[in-house]
Structures are given as structure tokens and as C-alpha cells.
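Trainee: Taking the hints into account, I'd like the entire structure generated from these sequences.
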Amino acid sequence: MKVNDVILKTVVRFVVFIVFTLGVYLFFAGHNAPGGGFIGGLVLGSGIVLLYITYDIETVHKGMPFDFKRVAALGVLLATGTAVASLFFDAPFLTQTDGYFDIPLLGEKHLSTVTIFEAGVALTVVGTLVTIILNISEDE
Amino acid sequence: MIVVLSILLPFLAAALIPFIYRRFKSIHLGWFILVVPVVLFSFLATYISRIARGETFIYTFEWIPSFGINITTYLDGLSMIFALLITGVGSLVILYSIFYLSKKESLHHFYCYLLLFMGAMLGVVLSDNLMVLYAFWELTSVSSFLLIAFWHHRKASRAGARKAMTITVSGGVAMLAGFLMLYVASGTFSIREILTNLDVVQGSGYFVPAMCLVLLGAFTKSAQFPFHIWLPDAMEAPTPVSAYLHSATMVKAGIYLVARTTPIFGGHEVWFWAVSGVGLMTLFWGSFNAVRQFDLKALLAYSTISQLGLIMSLFGLGSAALHFGYTAESVIYTQATFAALFHLINHSTFKGALFMMVGIVDHEVGTRDIRRLGGLMALMPFTFTIAVIGSFSMAGLPPFNGFLSKEMFFAATLKITQLDIFSLDSFGLVFPIVAWIASIFTFIYCVIIVMRTFFGKLQPDRLEKPPHEAPIGMLIPPYILIALVIGIFIFPNVLGHYILSPAMASIYPTFPSTEEMTPHIAAWHGYINSELIMTFGVVIVGIFLYKTLKKWRPMYQLIPPNYTLNGIYERVIGSGEHYSGTITNRYMNGNLTYYFIYIYVVFVGILAGYMIYADLFSWNPANDSVIEPYELILVFVMIAAAVAILFAKHRITTVLLNGVLGYSVAFFFVVFRAPDLALTQLVVESVTTALFLLSFKFLPELQPEKVSKAWKFTKATISIAVGATVTLIGLAVMNYDKFEPISAYFEDAYNLAGGKNIVNTILGDFRAFDTMLEVVVLFIAGLGVYTLIKLKAKKGDTDVESK
Chain B
0 MKVNDVILKT VVRFVVFIVF TLGVYLFFAG HNAPGGGFIG GLVLGSGIVL LYITYDIETV
60 HKGMPFDFKR VAALGVLLAT GTAVASLFFD APFLTQTDGY FDIPLLGEKH LSTVTIFEAG
120 VALTVVGTLV TIILNISEDE
Chain H
0 MIVVLSILLP FLAAALIPFI YRRFKSIHLG WFILVVPVVL FSFLATYISR IARGETFIYT
60 FEWIPSFGIN ITTYLDGLSM IFALLITGVG SLVILYSIFY LSKKESLHHF YCYLLLFMGA
120 MLGVVLSDNL MVLYAFWELT SVSSFLLIAF WHHRKASRAG ARKAMTITVS GGVAMLAGFL
180 MLYVASGTFS IREILTNLDV VQGSGYFVPA MCLVLLGAFT KSAQFPFHIW LPDAMEAPTP
240 VSAYLHSATM VKAGIYLVAR TTPIFGGHEV WFWAVSGVGL MTLFWGSFNA VRQFDLKALL
300 AYSTISQLGL IMSLFGLGSA ALHFGYTAES VIYTQATFAA LFHLINHSTF KGALFMMVGI
360 VDHEVGTRDI RRLGGLMALM PFTFTIAVIG SFSMAGLPPF NGFLSKEMFF AATLKITQLD
420 IFSLDSFGLV FPIVAWIASI FTFIYCVIIV MRTFFGKLQP DRLEKPPHEA PIGMLIPPYI
480 LIALVIGIFI FPNVLGHYIL SPAMASIYPT FPSTEEMTPH IAAWHGYINS ELIMTFGVVI
540 VGIFLYKTLK KWRPMYQLIP PNYTLNGIYE RVIGSGEHYS GTITNRYMNG NLTYYFIYIY
600 VVFVGILAGY MIYADLFSWN PANDSVIEPY ELILVFVMIA AAVAILFAKH RITTVLLNGV
660 LGYSVAFFFV VFRAPDLALT QLVVESVTTA LFLLSFKFLP ELQPEKVSKA WKFTKATISI
720 AVGATVTLIG LAVMNYDKFE PISAYFEDAY NLAGGKNIVN TILGDFRAFD TMLEVVVLFI
780 AGLGVYTLIK LKAKKGDTDV ESK
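In the order they appear, the protein sequences are chains B and H. The numbering of the first sequence is numbering that gives the first Met the number 0, which starts it at 0 and goes up by one. The numbering of the second sequence is numbering that gives the first Met the number 0, which starts it at 0 and goes up by one.
There are no misleading hints in this set.
Cβ pair distances, simulated, as ranges: (1) H/F18 / B/V83: 13 to 21 Å; (2) B/T58 / H/I741: 44 to 52 Å; (3) B/F87 / H/R191: 24 to 32 Å; (4) B/I6 / H/H649: 20 to 28 Å; (5) H/F738 / B/L105: 40 to 48 Å.
These are computed hints drawn from the structure, not numbers from a lab. The beta carbon of each residue, even a glycine, is placed where N, CA and C say it ideally should be.
Mentor: What follows is the structure, encoded as C-alpha cells:
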């Protein structure tokens, strides 16, 4: 998009951080409240798409020099990797575990391996979403 | 445990290839890969003496215990032979391939496929569980498909790969059905457990069908008549592959299966006749057809077919021993099995060497056509030596190992005529006669290999390269093999005692000792006996027929090409392609409207039809909650938006109206307290709308439809029917009580999965397997979109066929 839309650019500058924050929040909230890897990933992905729509690809690439195909691949590896990892602990495929840990400064927190799995889901969603949208819009 | 790891090692190595390939570009990748089979071979070799003492090694790794599917490795005498062949011949073939394949080829693909194949093959021979065996079995088909099609820019390679895959995989599926029947009959997938409980299986009605289906798998894999037609076409693969897969290992998987299941099925009349009969037919047909070939590799392919037939028929003959149970006489029949195992090893040595010899000729001269070859003896003396020793061993001449096993084969066919079970008293004579005739043809093609390639006149103008001797690295592997050919002839009993005898114990587990079943092999086995006379006859008649080859060769033209098995295969596949193409073109006509009509008509027909048939429509509003006014407003908005889409003039209007529908659905989710769904719906709706707008400018302006009233009416009817069906299903679900609801299980989510959000615990824990695979599917779909958009062939690109 060649049009220099000042209002859009200015608004997006602030909105994008809100969207990203919401995405990260949703990702972590998913365990006990609405949210989760899929939605968190979608929100993050749509935030990135918003950036791409507002600014051009080169500018955004300078800020986020990721190859989103690799992000998606990393996500798949994480998701399948946590599934396989349980085998090394002599537990059936895809066993997840959780527990309460006392972390300095943060206090007692509930940590779970599901988070890693969900991170894989989120990364795949982000990577695939951005890859598809970038390629469709790029092709002129 | 360590045996499990040895199956895994090739797969792990295959996964490492991309990293090694990038890092060490200057070194031929094969040197790294060579380590894998050499390590495995040495590791297995340390077990030989313990296996010979009668030990077996079992390790169970639980996989799906609820279905009795566990990765159980079982190392005994029989799996030992095959595992040694796979790793031993594998090492030599990889060493050979280092010199055969130049670095310009896509070596990382090649070795990746080869390692996959090696691991799969080890998995087949070391698995005790039928399901695991089946999985590895099909993996060998897939990896050999990739290897045959390695030069995939050639049409013949692709066709050959497809043919091999079609035939072996259909056989494999039949085998799967057979395994399932065995499971139903015995209640276990473990071969050893089936053996402990044999009476039940043999008494079951599934016994004979299961046997036939398992045999189908074995016959297709081992290229037995009439499924042998894939093997000659598979010769499109690079020669190291042919040497490995199509002579030493993969085609022997079928033989392994027959040997492995002999204790279950052997002794039954159907088994005896099927295995020995098909084997004999294959033996004859393979050797008969080998003589007519002009391509050296095709000739070897047919010879492999015939030799596999020989081994197969010997296993069939040997299975007769199980009919009686153990008696003093059984030893006579078990010797056929012994000969089969012996020939199995011998065949791997001489045929591996011969394939490598042909590869050398092809590599150094540029052709494998015997009409263009000749007179290479003086120019390639080392290669000539391989050819002579390999061929003479194959023809069953002394002083090579093929002679010993061939004599034992003759002896076994002669002995079987004295048996008076399975109506052998009337048909038994067929065995020695067919065996003898087939051996004559074997002799003839062996002579052809040597004479037409190395003797006669050199035709330098018909060769593509000036002939010269191969580099030393290409000669070492076949020389090791022919050293074995001679070594086994001199010391056959070492092999007999350490390798073959423990395998006999696996095939005849009910027989008390293997020592009686292990004959003393001797090159000079008694005075002039009938076997030796048969061999003399083979040589004399063979030489005579070779001299008069030109006179009787036209005989092969008698069968019109349309009526050969290959012709039939081509026609079946061809017409299948033609008709499926016609049908596909009829419904995939490129018009989206039609696709939707097909989908919806089927959808309404099946769902509404079934619901009417089963009388499932029921609507009982008594239990429903009160409809609030704002819900009514939402419904009204949705209806208005949906109807408005129908009358929209511009595409952008339809996109926005569609968005209204989506957001209203999200609102409903909010109203009905499904925040997760609402969130997802909102984001997805936004993203799809954005996507739509992005691709908006590439889409043409909406055209007013110019169609007849009747057609419009039809489409409206279908739309309304779909809507009505979905609505009615929704209403009927409320009163459906055929299944117990599963929601109670998830109420305990916090205790079971440690999360308060049920939706997420379902996604991430209870049904995480679905989620994992969905992520993979999403990724693959994304890659698919990427490739479709990015990797379009440019207009100037040359046709890949012509590369």
C-alpha cells in the first residue's frame, strides 16, 4: 500500500502493543481462564498482520527479522517434541505434568509442561498465519 | 534394549544427514553413512556365538499396550541371518556407491532414503509384533519407491517406482488383513505368543484365509509369479540400490515372512502347495525369461526372480516336515529348509557381486546392452573375474558356493517325490523336472552374461565411453563378496554351524535339537549320485542350447505383447487412469457452484435421509430456556445480513455483510458464555476479512448472473434444504440420548490436568494428540499455500523430462 496514511500509522503504533500484550496475556491466561495457545497465537499473528498492512514489508522485517516459515516449523517441533519428550521419562506419549514452584520475586507459581506444548501451538499459528498472508499480499 | 537402538540408529543417522551434508561438502557423504551399517554389523556379529548356543534376545518397549501393540525386538537365529545380510551387504553397497555416485547427484536424498530403508528392513526382521512388523514392512515399500524414483526426472523411473509400490503395497495390505485375522484367532499380535497357543489358531476358521493373505504379502514383496513384473522395472534405480534392495534385502522380506510364519502355517496342505508351487513356477518363469533379455540389469532382475522362487519352493518343501511333527524321518525334509537358508546367503553374495559388476560395466562403458558389449575381457580383467565367479556360482558350478546349495536343492526335490502326503505320489515328479529345466535356463543366462559381455568382438564405436578398468574402490566390495563365494565353498560348515543351525531352531521350534537338522555340507557328497548326474545334464544341455540360441529365440515372440502379464498390468492401470480421468473431469469442471451442489446434495441426502429413515427428528421445546429479546435482535440482524448478501451488487458489500454474520455469531458465543469460542471467532473473523481485503483487488467485479429461472429455483431449493437440515439436526441433538454424554469426565479437569479452563485442558491434555496433529496439519497446509504461490514454474523453465 503506497498511500501514506498518517492516522493509521500513528494509531497502529500504539494499538499494536496493546494487541501484543493481549496476545501474550491470552496465551498465559489460557490455563485457568479463556485464552490459550491457539487464540494467543491468532491475536499475536493478527497484530503482526496489522503491522504489515500499515507499514511495508521491508520496514517490518527490519524490526522482526524472522522467517515465519521457520517460526511455524519451530512451533511444530516444540509441540511434537514435548509429546516425544515424555517417552524419555518412561511415561506414555504426550504425558503432561505440572506442579507448584516457589520462584523468587514472583512467589509460588503453577508451572506446567502444557505451556510448552501450547507455545508450540501458538508459534505454529503465528508462523502459518503470517506466512500465508504475506505471500498472498506479496504476489503481484 | 540395545537391539531396539540398532533399529533406531539408521533413522537417527538419516535425521542427521542435513547437518553433515552442509558442514562437510568436500567429503563424499557416503563415508559418513558407511559408519552406520559397519557399526551395526560388528555389533550383531558379537551376538553370533551366543545365538549359536541357542540363546535368544527379547526386549519389549511398550507402545500401545491397550491394543497389545508393543515394539518387541526378537533376535534369534532367523532374524540374525537377515540382519547380518542387511547390514553386511549394506556396508558393501554404501562403500560401492561412494565411487558409483558422483557428488553432483543429490546424495543427501539418496543416503537418507537408503538409511530409512535399512532401518525399516531391520525393523521387519527384528520385530516380534505383527503390527510393528507391518509398519516397517510398508516403510520398506515407501523407501524403495523413493530409491527407485531417485532419478525422478526420467519417466521410466517414476513408472517403475509406481509399479513396485502399487504391487508391494497392495500385497502388504492383504498381509495386514491376514495379521488381523491371526489376532482375532489367537488374541495376540506377538508371533512368539501365537506359537505357544498354536492349536487354537489352527483350529480357527480364520486359519486358511489368514494364511492366504499373509502369503499374498510375501509373494508380492518377493516378486513371486505372477507379481514378479515389478522387479525388472525397479531396475531403473541406481545400481547400488538394485544390488541392495532388489537382490540382497527387500525382496527377501517376503522370504523372511514365509520362514517366520512357517511354524504357524507349515504342515498344512495349502501352505505346502502354495509356497512350493508358486516358488517353482517363479523359478521356471524367471529363468526362462531371463534368457530373452538384452539389458544386463534386466537379465539379473529376472535371474533374481527365479532364484527367489528357488528359495521359496525350498521353504515350501521343508514345511512338509511339520506335517508329521517330530520323527526320525523329518530330518529328510528339514534339509530343504536348510538348503533354502543356505542358498539365501549364497544368493546374496553372488548376486550382489554380479549387480556391482554390471554397475561397473555400465559406469565405465556407458551401456548395459549385451548387443553393444563384447570383448571387454582384456580391458577389464578384474571385472571379468567377478563376472565369472558370480555367474558360475549362480549356475551352480563348483568350486563356488552356489554349487553346494544347488545340489542340496536337487536332493530336496528328489526326496520329496518319495513322500506320500498332499497327493505328492502323483504330482511329486513335477518338482525335480521343473527344477532341472529351470536350472538349464539358469545355466544359459549365466553363460550369456559372461560370454556376451567379455568375449567376442569389441565394438568401440557402439560404446559411449572408451572402456577401462574401474577404480579400486568400486572393485573392493564385489571382491569381498566373491571371496565369500569361494570361502563358503571351502568352509561351508562354519556357516552351517554358527548361522544356519540356530535359524533352523527358529523355523522348527517344536523339534528337539538342531544338530540332527544341520547336515554336514561337503563339496564331494558321495559317489556319482542323482544330483550330480542332474548337474552334468544341466551343463551339457545348457551348452547345446546356448550354441543354438539364435534358432529357438523367436519362440519368445509367440506370446503377443498384449497378453503378457506386463501387458495386462499396463492395460488395467491405463484404463483405470483413463476412466478415473473421465469421471474426475466430469465433476471437477472448475465451477465452484457445481462443487457446492455436489457436496450439499450428498450432505442433505445422507444426513436428512438417515434421520428420516431412523426417525430421529424430534423437537421438544419444553426444556428450552426462555428466548431473551436481545437474542431475537441478534437473530434478526443475522437474517437481514444473510438475505442482503444475496442482493449485494458489489463484492466489498458481500465481504462486509459476511463479516456482520461472523461477528454476530461471536456475539452469540458471548451471550451463551463461551468466551473461548467468542475470542477465537472474533480473531478469525477479523483475519479472514483482512485476507479478503488483501486479495480483493485481484478479484473481478461481481457479474450479474444470467441463468434460467429453473436453475435459480434448483439452487434455491438446495440452499433451503441444507439450511433446514442443519437446523433440524441442531434441534434434534437436544433430545438425542443414544450415547452417554462424556461431559462428566471433563468436570474433573482441575484434578486430572491441573487446569481450570476445561476447553484448554481438553485441547492441551485430554485430547492433546488431536491438537498436536492439527498443528502439524496447519503447518503443512501453510507450506502448501506457500509453495502454490511461490514456486510456480516460470514460463522459460525447461521441461523436467528432458533434463
